[in-house]
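Residue numbers for the sequence shown follow the working numbering, so the first one is 145 and each next one is one higher.
What the hints contain is simulated information worked out from the structure, not anything from laboratory work.
Careful, some of the hints might be misleading.
[Unchecked claim] Computed Cβ-Cβ distance ranges for the label pairs, DEER-style:
{"#": "1", "residue 1": "Thr257", "residue 2": "Gly236", "range": "27 to 35 Å"}
{"#": "2", "residue 1": "Leu250", "residue 2": "Trp161", "range": "41 to 49 Å"}
{"#": "3", "residue 1": "Ser156", "residue 2": "Thr257", "range": "43 to 51 Å"}
{"#": "4", "residue 1": "Val197", "residue 2": "Ile173", "range": "32 to 40 Å"}
{"#": "5", "residue 1": "Ser159", "residue 2": "Leu180", "range": "14 to 22 Å"}
{"#": "6", "residue 1": "Asn216", "residue 2": "Thr257", "range": "16 to 24 Å"}
{"#": "7", "residue 1": "Gly165", "residue 2": "His185", "range": "31 to 39 Å"}
{"#": "8", "residue 1": "Phe194", "residue 2": "Asn157", "range": "45 to 53 Å"}
{"#": "9", "residue 1": "Gly165", "residue 2": "Arg202", "range": "36 to 44 Å"}
{"#": "10", "residue 1": "Met255", "residue 2": "Thr192", "range": "29 to 37 Å"}
{"#": "11", "residue 1": "Gly179", "residue 2": "Gly247", "range": "17 to 25 Å"}
Think of the CB as a built atom: it goes at the ideal place given N, C-alpha and C, for glycine as much as any other residue.
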Amino acid sequence: INHSFIDLPAPSNISTWWNFGSLLGMCLILQILTGLFLAMHYTSDTTTAFSSVTHICRDVNYGWIIRYLHANGASMFFICLYMHVGRGMYYGSYTFSETWNIGVVLLFTVMATA
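Using the sequences and the hints given, assemble the complete structure.
In structure tokens, the structure reads:
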């Protein structure tokens, strides 16, 4: 246990701010999975869209929790995204121009898709 937790080969300046990248990945996986399950039962026709959402919440097993996970997962994704960008600005990651420019393009792409 000493080798795994105490003598961990990691820099000493790592704080909780460094968790947001992996949280972003987890939120993205959650969004993709719940979105696929919701898309299996949703119809986008204007006359039946509300009925399909009602069907998901009432008739599909755990459909209500899938819907709420998808809705709240999107909010959590953007919170983690802004915290991740804020950490990068605080620690001066903008000096790595190639990495920062790729991140800005990804940020604009995510905001355009939402």
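The hints, checked one at a time:
1. Thr257 / Gly236: 27 to 35 Å: For Gly236 against Thr257, whose Cβ atoms are near 28 Å apart, the range 27 to 35 Å holds.
2. Leu250 / Trp161: 41 to 49 Å: Once the Cβ atoms are compared, 19 Å apart, the range 41 to 49 Å for Trp161 and Leu250 is violated.
3. Ser156 / Thr257: 43 to 51 Å: violated (38 Å)
4. Val197 / Ile173: 32 to 40 Å: Taking Cβ atoms as reference, Val197 and Ile173 lie about 23 Å apart, which means the hint is violated.
5. Ser159 / Leu180: 14 to 22 Å: violated (35 Å)
6. Asn216 / Thr257: 16 to 24 Å: Because 18 Å falls inside the window, the suggested range holds.
7. Gly165 / His185: 31 to 39 Å: Holds, at about 32 Å.
8. Phe194 / Asn157: 45 to 53 Å: holds (51 Å)
9. Gly165 / Arg202: 36 to 44 Å: Once the Cβ atoms are compared, 38 Å apart, the range 36 to 44 Å for Arg202 and Gly165 holds.
10. Met255 / Thr192: 29 to 37 Å: holds (30 Å)
11. Gly179 / Gly247: 17 to 25 Å: holds (24 Å)
Hints 2, 3, 4, 5 from the earlier list are contradicted by this structure; the remaining hints agree with it.
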